[in-house]
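Visitor: Sequence:
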Amino acid sequence: MLPDGSNPLAVLVQEFEATGVNAGSFAFLASQQAYRSASVESLMCDAELAKVREQPAPWAGLHVCTVSLQVLEQSTATRNSYRAPVSVMVNCPPASTAPRDRCAMVAFYASPSRIVY
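Positions 1 to 117 (the numbering used here) are the ones given, in order, by the sequence shown.
Please keep in mind that the hints were generated in silico from the structure rather than gathered at the bench. Backbone N, C-alpha and C fix where the C-beta goes; we use that ideal spot for every residue, glycine too. Possibly wrong hints are sitting among the right ones.
The calculated label-pair distances, taken between Cβ atoms and stated as ranges, are [unchecked claim]:
no.	residue 1	residue 2	range
1	103	55	19 to 25 Å
2	94	11	25 to 31 Å
3	48	93	20 to 26 Å
4	33	101	37 to 43 Å
5	53	101	17 to 23 Å
6	105	37	37 to 43 Å
7	57	32	37 to 43 Å
8	11	96	23 to 29 Å
9	26	102	25 to 31 Å
10	102	24	33 to 39 Å
11	113	75	27 to 33 Å
12	33	84	20 to 26 Å
Starting from the given sequences, assemble the full structure and let the hints guide the process.
Guide: Okay, here's the thing in structure tokens:
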């Protein structure tokens with residue numbers, strides 16, 4: 001759910017920038033021949049998350065997961081490793097709005113105030 005009166009594009013930009021990439025950092029990283037890779041360190045979904053137990057998903061097929069990522073950033077000059085939590089929401093069958101044969105990501109949150117624990 002988006003905050004009342006919010007612009008969906010602005011929220012998407014805010015969440016993307018919470019991953020550590022904005023226009024300025026992207027240009028700098030590109031000039032340094034930098035890249036970022038990530039691997040899943042842990043994954044907790046649905047009833048494993050206290051907030052979801054307190055307030056379950058509003059329909060069958062909507063799933064909320066919090067992923068702890070181990071991120072590695074490398075460039076010609078530096079190497080940086082860190083952990084980052086990200087919450088992801090997916091819509092799966094039997095939800096009527098889900099694709100028939102797969103799940104579709106409907107949201108991701110990287111800013112600390114939006115991550116589901």
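Visitor: The structure should be examined with respect to each hint, and the outcome stated for every one.
Guide: Tested hints:
1. 103 to 55: 19 to 25 Å: holds (21 Å)
2. 94 to 11: 25 to 31 Å: 28 Å Cβ-Cβ, so the 25 to 31 Å window holds.
3. 48 to 93: 20 to 26 Å: Roughly 21 Å apart at Cβ, these two residues keep to the hinted range, so it holds.
4. 33 to 101: 37 to 43 Å: holds (39 Å)
5. 53 to 101: 17 to 23 Å: The hinted range 17 to 23 Å is violated for residue 53 and residue 101, with Cβ atoms some 29 Å apart.
6. 105 to 37: 37 to 43 Å: Once the Cβ atoms are compared, 19 Å apart, the range 37 to 43 Å for residue 37 and residue 105 is violated.
7. 57 to 32: 37 to 43 Å: 41 Å Cβ-Cβ, so the 37 to 43 Å window holds.
8. 11 to 96: 23 to 29 Å: holds (25 Å)
9. 26 to 102: 25 to 31 Å: Taking Cβ atoms as reference, residue 26 and residue 102 lie about 30 Å apart, which means the hint holds.
10. 102 to 24: 33 to 39 Å: holds (36 Å)
11. 113 to 75: 27 to 33 Å: Given range 27 to 33 Å: holds, Cβ gap about 30 Å.
12. 33 to 84: 20 to 26 Å: holds (22 Å)
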